[in-house]
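Q: With chain H fixed as given, assemble chain L onto it according to the hints.
So you can see what is in the structure, the chains are spelled out below.
2 protein chains.
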Amino acid sequence: MSLEPRTGSGYPEPYQSRVLPREKRALGDAFGLTTIGINHTVLPPGKESSMRHWHSHEEEFIYVLSGEVVLRTDAGEQPLTAGMCVGFPLGTGDAHQLVNRSAGPAVYLEISNRDARDCACYPDVDLQYHGAQAAVKFTRKDGSGF
Amino acid sequence: MSLEPRTGSGYPEPYQSRVLPREKRALGDAFGLTTIGINHTVLPPGKESSMRHWHSHEEEFIYVLSGEVVLRTDAGEQPLTAGMCVGFPLGTGDAHQLVNRSAGPAVYLEISNRDARDCACYPDVDLQYHGAQAAVKFTRKDGSGF
Chain H
44 MSLEPRTGSG YPEPYQSRVL PREKRALGDA FGLTTIGINH TVLPPGKESS MRHWHSHEEE
104 FIYVLSGEVV LRTDAGEQPL TAGMCVGFPL GTGDAHQLVN RSAGPAVYLE ISNRDARDCA
164 CYPDVDLQYH GAQAAVKFTR KDGSGF
Chain L
44 MSLEPRTGSG YPEPYQSRVL PREKRALGDA FGLTTIGINH TVLPPGKESS MRHWHSHEEE
104 FIYVLSGEVV LRTDAGEQPL TAGMCVGFPL GTGDAHQLVN RSAGPAVYLE ISNRDARDCA
164 CYPDVDLQYH GAQAAVKFTR KDGSGF
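Protein sequences, first through last, are from chains H and L. Quick note on my numbering: the first sequence kicks off at 44 and runs consecutively. Quick note on my numbering: the second sequence kicks off at 44 and runs consecutively.
Okay, chain H solo, but in the shape it has when bound (with noise of 0.2 Å):
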């Protein structure tokens, strides 16, 4: 099967260009999985895999495949090679994002459940994410828009 990569991003400017361009291909949507997400993700050098964040009501993890990438979390920064791995419980209020500062491509696993309640909140940006059934997805955090 050949899977078509997703190269988008939800993300209003200035944040979107931080991430993209970044290919992640749906894996558990190409077999038809609904309780949880696996997205096979390449990370160009010097792009972030998100805004610093947490989420209210899903889990994540990352497993990296190959290249090497940041983690950012509250306790510091870490390096993350192939085969190393890290979780976020859900609602710790510890944000994290992963940053390529390496000259190559990265390429890992992001994976976690789903959860229609979910939100996620960026301490270091004025970004709000609303949850996937939200009619406006992303604002500032007073409510307005971009």
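Be a bit skeptical, because a hint or two may be false.
When chains are identical, the list treats them as one kind, so a pair holds in a single copy or across two.
As the list claims (entries may be wrong) - 25 Å max Cα-Cα, derived SDA-like pairs, lysine to any residue: (1) K67 <-> E153; (2) K67 <-> T124; (3) K184 <-> G51; (4) K180 <-> A138; (5) K67 <-> N82; (6) K180 <-> A73; (7) K67 <-> L123; (8) K67 <-> G130; (9) K67 <-> G126.
I should point out that these hints are in silico values taken from the structure, not numbers from a laboratory.
A: Showing chain L alone in chain H's frame:
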């Protein structure tokens, strides 16, 4: 972090010997995840991942990291090598297993949601799985014990 593998199996004989020795490292548990399970599994030559089965409430996803396994479903057999993956929606009635017919170990990630209601059916053998919370997890199909 160094993670000790789980080397046991809940299966009664003669099924346990068909899957062991086998190493599973519970990566998701190590990070405190509760809604999804992620195992890093090493399956030696000649061994089966499980008896061929399907789940009532849990989806599964396999991503092969190294080596080769043969996927067996109602559709037949298909080899899976590094970088290949397959997902199994819940409740399909199409049972699956992986068999290592190669000369070396096969290594893969096993990913699933977690649902306390989950049971598993085994069309090829006289075995029934009654779920993680059942007092007797495995019985014969008529409910009798081993």
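Q: Against each hint, give a clear statement of whether it holds in the structure.
A: Results for each hint:
Taking the shortest Cα distances, K67 and E153 sit within 25 Å of each other both inside one copy (9 Å) and across copies (20 Å). Taking CA atoms no more than 25 Å apart as the test, K67 paired with T124 passes in both settings, with 19 Å inside one copy and 21 Å between copies. Taking the shortest alpha-carbon separations for K184 and G51, only the intra-copy value of 23 Å comes in at or below 25 Å, while the best inter-copy value is 49 Å. Taking CA atoms no more than 25 Å apart as the test, K180 paired with A138 passes inside one copy only; the shortest distance there is 19 Å, against 38 Å between copies.
Taking the closest pair of Cα atoms, K67 and N82 come within 25 Å of each other both inside a single copy (6 Å) and across two copies (22 Å). Taking the shortest alpha-carbon separations for K180 and A73, only the intra-copy value of 24 Å comes in at or below 25 Å, while the best inter-copy value is 32 Å. For the homomeric pair K67 and L123, the shortest alpha-carbon distances inside one copy (19 Å) and between copies (21 Å) are both at most 25 Å. In this assembly of identical chains, K67 and G130 lie within 25 Å of each other by CA distance both inside one copy and across copies; the values are 19 Å within and 17 Å between.
Proximity of K67 to G126 under the C-alpha cut-off of 25 Å is found in both arrangements, the shortest distances being 19 Å within a copy and 15 Å between copies.
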